[in-house]
Amino acid sequence: MSKIKTILLKSLKELAIISPIFYIAIIFAFLIQIYVPEDLFNLVLGKNIWIAIPIATLIGIVLPIPRYATYPIALALFMKGSGYGVAFGLIGGEVIGESIARDIIEIKYLGWRFVTTRFVLSFVFISIGGLIIDVIL
Amino acid sequence: MSSQIFIDAFFDFLKVLPILVIAIIVSQIIAVLLPSKKTKDIFKENKKNIAKASVVGIMSPGPLLAYLPFLKTLKEKKVAVSLIAAFITGQTLIGPGRLFLELDYFGWEFFAVRVVLAFFIAVAMGVSFKFLERYIKY
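Line by line, the protein sequences give chains H and C.
Everything in the first sequence is counted per the numbering used here, starting at 1 for the first residue and increasing by one.
Everything in the second sequence is counted per the numbering used here, starting at 138 for the first residue and increasing by one.
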């Protein structure tokens, strides 16, 4: 019984700490969604895959696009001739840094060193993956 | 305009709140009931377990947010960050829920290659963290 009480008390304490941070992070994500220009995506339309794929990955990581909204954007870029690698980079990058809210919670839980390393390595590996998929398909 | 952002953000927050509550309770159950030594024994750091963590991540549905409190507990119980990194990478790169959307947009070949690449990226991530752990304190 005391263990259940401990679990519930610790859970409430954790929730009280994380909830305000999470709410503020969501507001921040909304503000970015409103003020970041959509034209930024046109940057990834270049024909040089060595540049286009890393840029697509970076845009995916940096911009807080909703997960399911990435697919139509990636498809639109693909239809304009940007290739599978750009689609892979954009989708991969987006899910790595999905939203400011999640990133802040991740930093709070796992530490900024872990998250920074994860983002840098993800950028490198997803870019390489994009180049591979562009060659394969 | 500005008050609308606060309202929209509040409704978004309410949508994620149940997941967050469940995730926090699960993580606290593990924190209280599972001894650190046992946790460390289950999640030994080796290449086989990095590959396993990657596969489990790929197959895990839902948002990463739901797993973060649990992962924090594992980290506090000294589970290797390489396993956590491999899991997160697999979990985020491939979502079972997005399968049909992805098939519809890009076809099965793209999805199949993406799953294979996601596995290797997750493993590469885990191995890189294993190496970096020697020099960086996570």
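Keep in mind the hints are simulated off the structure, nothing from the lab.
In this text, all values refer to a predicted model and were calculated from it rather than measured experimentally.
We put the CB at the ideal spot given by N, CA and C, even for glycine.
Keep in mind that a hint or two might mislead.
Quick list of in silico lysine to aspartate or glutamate cross-link-like pairs, EDC-like style, CA-CA up to 16 Å [said to hold, decoys possible]:
#1 C/Lys181 with C/Glu213
#2 C/Lys267 with C/Asp149
#3 C/Lys212 with C/Glu182
#4 C/Lys215 with C/Asp149
#5 H/Lys108 with C/Glu182
#6 H/Lys10 with C/Glu270
To give an idea of the chain C side of the interface with chain H (calculated C-beta under 10 Å), a few residues [stated by the list, open to error]:
#7 Asp149
#8 Leu154
#9 Val193
#10 Lys214
#11 Leu238
#12 Phe247
Hints the structure violates: just list their numbers, smallest first.
Numbers 2, 4, 5, 6, 9 and 10 - these are the hints that the structure violates, sorted from lowest upward.
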